[in-house]
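*Asks:* Single-letter residue listing:
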Amino acid sequence: MLRRIFSLASGRIALVILAVIALLAIFGPLLAPHDPLATSTDLLAGPSGSHWLGTDNLGRDVFSRLLAGSRISVLGSLEVAAMALVVGAIPGIVSVYLGRAFEWLSLRLADTLVALPFLLFAVAVTALLGNGITQAMLVTGVLVSPMFYRVARAATMSVARSQYVEAALISGASLGWIVRRHVWVKVLPPIAVAFAQTIGVGFIVVSSLTFLGIGVQPPAPTWGGLLASDLGFLSYQPWAPFAPALLIMLTVWACNLLADAMRDVSGEAGRALINARKVRANQVAAGGSQ
Amino acid sequence: MVSDAFVPGRPVLLTRVRRTGGQVLVTLARSVAIFVPVFFVGTFVTFALRGLSGLSPARLQLGEDATPQAIHQIESAWGLDRPFLAQYWSWFTGVLHGDLGTSWSNGADIATLIGLGLGVSLSVAVLALIIGVLLGFALGTVAALRRTTWIDRAVTGFVTVVSTMPAFVVGIVLVEIFAVGLGWLPSAGYSPAEDGIGPWLAHIILPALALSFDIVADVARQLRTGLVSAYRENYVIGARVRGLSPRRIFWRHVLRNGLGPALATLGVRFPILIGQSVVAEWIFGLQGFGRFANDSAQTGDVPAVQGVLVVSVALVVTFNLIVNIVLGRVAPASRRGV
Numbered sequence: 447m448l449r450r451i452f453s454l455a456s457g458r459i460a461l462v463i464l465a466v467i468a469l470l471a472i473f474g475p476l477l478a479p480h481d482p483l484a485t486s487t488d489l490l491a492g493p494s495g496s497h498w499l500g501t502d503n504l505g506r507d508v509f510s511r512l513l514a515g516s517r518i519s520v521l522g523s524l525e526v527a528a529m530a531l532v533v534g535a536i537p538g539i540v541s542v543y544l545g546r547a548f549e550w551l552s553l554r555l556a557d558t559l560v561a562l563p564f565l566l567f568a569v570a571v572t573a574l575l576g577n578g579i580t581q582a583m584l585v586t587g588v589l590v591s592p593m594f595y596r597v598a599r600a601a602t603m604s605v606a607r608s609q610y611v612e613a614a615l616i617s618g619a620s621l622g623w624i625v626r627r628h629v630w631v632k633v634l635p636p637i638a639v640a641f642a643q644t645i646g647v648g649f650i651v652v653s654s655l656t657f658l659g660i661g662v663q664p665p666a667p668t669w670g671g672l673l674a675s676d677l678g679f680l681s682y683q684p685w686a687p688f689a690p691a692l693l694i695m696l697t698v699w700a701c702n703l704l705a706d707a708m709r710d711v712s713g714e715a716g717r718a719l720i721n722a723r724k725v726r727a728n729q730v731a732a733g734g735s736q
Numbered sequence: 008m009v010s011d012a013f014v015p016g017r018p019v020l021l022t023r024v025r026r027t028g029g030q031v032l033v034t035l036a037r038s039v040a041i042f043v044p045v046f047f048v049g050t051f052v053t054f055a056l057r058g059l060s061g062l063s064p065a066r067l068q069l070g071e072d073a074t075p076q077a078i079h080q081i082e083s084a085w086g087l088d089r090p091f092l093a094q095y096w097s098w099f100t101g102v103l104h105g106d107l108g109t110s111w112s113n114g115a116d117i118a119t120l121i122g123l124g125l126g127v128s129l130s131v132a133v134l135a136l137i138i139g140v141l142l143g144f145a146l147g148t149v150a151a152l153r154r155t156t157w158i159d160r161a162v163t164g165f166v167t168v169v170s171t172m173p174a175f176v177v178g179i180v181l182v183e184i185f186a187v188g189l190g191w192l193p194s195a196g197y198s199p200a201e202d203g204i205g206p207w208l209a210h211i212i213l214p215a216l217a218l219s220f221d222i223v224a225d226v227a228r229q230l231r232t233g234l235v236s237a238y239r240e241n242y243v244i245g246a247r248v249r250g251l252s253p254r255r256i257f258w259r260h261v262l263r264n265g266l267g268p269a270l271a272t273l274g275v276r277f278p279i280l281i282g283q284s285v286v287a288e289w290i291f292g293l294q295g296f297g298r299f300a301n302d303s304a305q306t307g308d309v310p311a312v313q314g315v316l317v318v319s320v321a322l323v324v325t326f327n328l329i330v331n332i333v334l335g336r337v338a339p340a341s342r343r344g345v
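Sequences listed follow chains A and B, in order.
Residues in the first sequence are numbered from 447 upward in steps of one, following the numbering used here.
Residues in the second sequence are numbered from 8 upward in steps of one, following the numbering used here.
Please keep in mind that the hints were generated in silico from the structure rather than gathered at the bench.
Do not take every clue at face value.
[Unchecked claim] What follows is a list of derived Cβ distance ranges for each label pair:
hint: 1; chain 1: A; residue 1: S604; chain 2: B; residue 2: R263; range: 52 to 62 Å
hint: 2; chain 1: B; residue 1: G101; chain 2: A; residue 2: F548; range: 28 to 38 Å
hint: 3; chain 1: B; residue 1: V187; chain 2: A; residue 2: L692; range: 11 to 21 Å
hint: 4; chain 1: A; residue 1: L615; chain 2: B; residue 2: G122; range: 54 to 64 Å
hint: 5; chain 1: B; residue 1: E240; chain 2: A; residue 2: W623; range: 34 to 44 Å
hint: 6; chain 1: B; residue 1: V275; chain 2: A; residue 2: L544; range: 39 to 49 Å
hint: 7; chain 1: B; residue 1: I244; chain 2: A; residue 2: V631; range: 37 to 47 Å
hint: 8; chain 1: B; residue 1: G58; chain 2: A; residue 2: L544; range: 25 to 35 Å
Predicted, not measured: the structure shown is a model, and the values here were computed from it.
Where is the CB? At the ideal position from N, CA and C, for every residue including glycine.
Working from the sequences, and respecting the hints, build out all of it.
*Replies:* Below, the structure written as structure tokens:
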């Protein structure tokens with residue numbers, strides 16, 4: 447799967463960007479040249495040798511704050527996706543097998559969650575349940591889980607009605623074995639696509655929440671929080687929001703790109719794509735030898 | 008005699024009207040059957056928030072060092088010592104009558120408080136929807152009509168970029184360009200429509216634009232896909248063979264069949280639009296209901312938060328009902344699976 451994604455240009459770009467962001471999240475706080483919380487008298491300074499991206503309204507080094515804030519932003523979006531995966535995908539697969547009552551109930555629940563304005567709920571619930579980024583992300587994860595539910599359910603249904611599964615059932619295979627052996631392989635690619643998309647969505651939600659100052663304690667740096675503090679000083683530093691905004695957009699774009707690339711290389715469409723490439727490669731090879 | 012058959016007489020017209028009305032009613036009934044449980048579960052989750060949060064009006068009014076007796080007295084005055092389901096029921100019946108309770112922090116009527124902000128939020132949301140639908144429609148149609156040309160690729164690229172921009176990033180960029188840079192529009196605040204349409208529009212156009220980007224991207228993408236696949240259908244080839252004009256083919260055949268996904272995506276987009284109003288109102292200093300939700304959540308005013316959430320769920324449900332009815336009228340095929 448990974449090698450196939452790498453064979454697409456868009457997949458390569460997405461993976462490289464995401465790898466850089468992941469490295470930022472892991473090593474960013476260590477790499478920061480200054481203490482991200484240390485204030486100085488050098489207020490709202492422009493970019494210079496010691497402050498690559500200038501300083502903010504309290505004289506803190508923006509580049510260091512950007513690096514230090516990367517971990518919370520990235521971890522938060524991963525938490526959203528993981529939570530949504532657990533809450534959404536498992537009931538989605540199970541709903542096909544557990545009978546009509548469970549199916550009806552879980553469908554209605556998914557309808558409801560889709561209808562809730564999730565940013566509003568995330569704001570409300572986080573503020574009420576104690577101001578922590580983890581609470582916020584778990585709530586958001588539950589709210590975006592219907593996407594996984596629907597994807598997993600649709601994929602499972604297509605497998606469950608297929609002839610080879612019926613044949614396996616007739617030959618006496620147990621339900622657990624069928625799920626492990628047949629369903630899982632078919633359901634995994636669409637879930638992986640949904641996972642990549644959800645990380646992108648989660649990233650927007652984390653940045654929005656931290657932008658509003660929800661889920662973090664004030665001096666701690668986050669990408670959204672950086673944007674919020676820049677907003678008050680736009681007339682002094684009109685270029686200040688660009689670095690955090692660009693990072694957020696790049697990450698979201700890479701997630702969407704990865705999701706598209708995964709969709710292109712998996713399933714029937716993926717097989718067709720790989721075959722077409724092989725044919726073309728063979729033609730080129732044949733043309734070259736003549 | 009022959010021409011008589013083509014003029015719909017009164018009885019024919021009457022049946023047609025009756026049938027259309029019946030179809031609308033059926034769509035309405037089916038949508039209501041879906042959305043009643045949604046509303047019920049939504050309000051239940053909302054109400055359960057208080058129990059989960061463990062917040063109490065006593066803490067808000069008396070501070071941290073209140074005696075247990077004083078806390079108990081206040082809680083029983085608010086009816087919080089009753090069983091959970093009894094509390095839920097009285098709250099829910101209140102909600103159905105439009106009574107959202109009173110605020111813990113200042114005792115004001117929550118429905119009135121939300122009503123103050125709702126005008127602002129709805130102005131922005133409706134304008135965002137209008138901009139999003141118009142722009143998205145134009146872009147999607149152009150891309151579909153000029154498919155596989157550079158125009159199509161340019162539109163698709165633009166849409167991809169737009170869809171990765173979170174609303175608050177767009178908002179900041181817009182403030183930067185139009186308010187700080189050019190000074191054309193105010194960067195914050197609101198002026199009601201009664202004081203003049205010009206200032207009203209000037210105050211809400213930037214937040215509406217910021218919120219509309221996602222809608223533009225979604226509508227354009229879905230409409231392009233829908234139209235392109237509708238153009239591949241046999242009935243379009245048939246219409247072309249019969250010599251119908253391209254304009255007529257587009258409006259009568261392609262558009263009606265390709266519109267479904269784009270309309271359906273509007274229904275899905277609306278809750279996200281409502282949610283993002285929190286951020287947009289924060290950036291643009293609007294006292295809308297998203298701002299109200301944020302402020303009351305930060306102070307721990309649970310009934311106020313519940314009120315906002317219920318209103319938002321009601322808005323979403325109403326909007327989706329309208330979308331379903333329009334969808335049933337425009338693209339009858341969608342009625343099969345709601």
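*Asks:* Compare the structure with each hint and give your call.
*Replies:* Taking the hints in turn, this is what the structure says about them:
Roughly 29 Å separates the CB atoms of S604 (chain A) and R263 (chain B), a value that falls outside the hinted 52 to 62 Å. For the pair G101 (chain B) and F548 (chain A), the beta carbons lie near 33 Å from each other, so the given range of 28 to 38 Å is met. Between V187 (chain B) and L692 (chain A) the C-beta distance comes to about 19 Å, which sits within the given range of 11 to 21 Å. A hinted range of 54 to 64 Å holds for the C-beta pair L615 (chain A) and G122 (chain B), which are about 58 Å apart.
In this structure the hint that E240 (chain B) and W623 (chain A) lie 34 to 44 Å apart at CB holds, the actual value being about 43 Å. Separation of V275 (chain B) from L544 (chain A) is about 26 Å and departs from the stated range, judged on CB atoms against 39 to 49 Å. Taking the beta carbon of each, I244 (chain B) and V631 (chain A) are about 39 Å apart, inside 37 to 47 Å as hinted. Between G58 (chain B) and L544 (chain A) the beta carbon distance is about 28 Å. The supplied range of 25 to 35 Å therefore holds.
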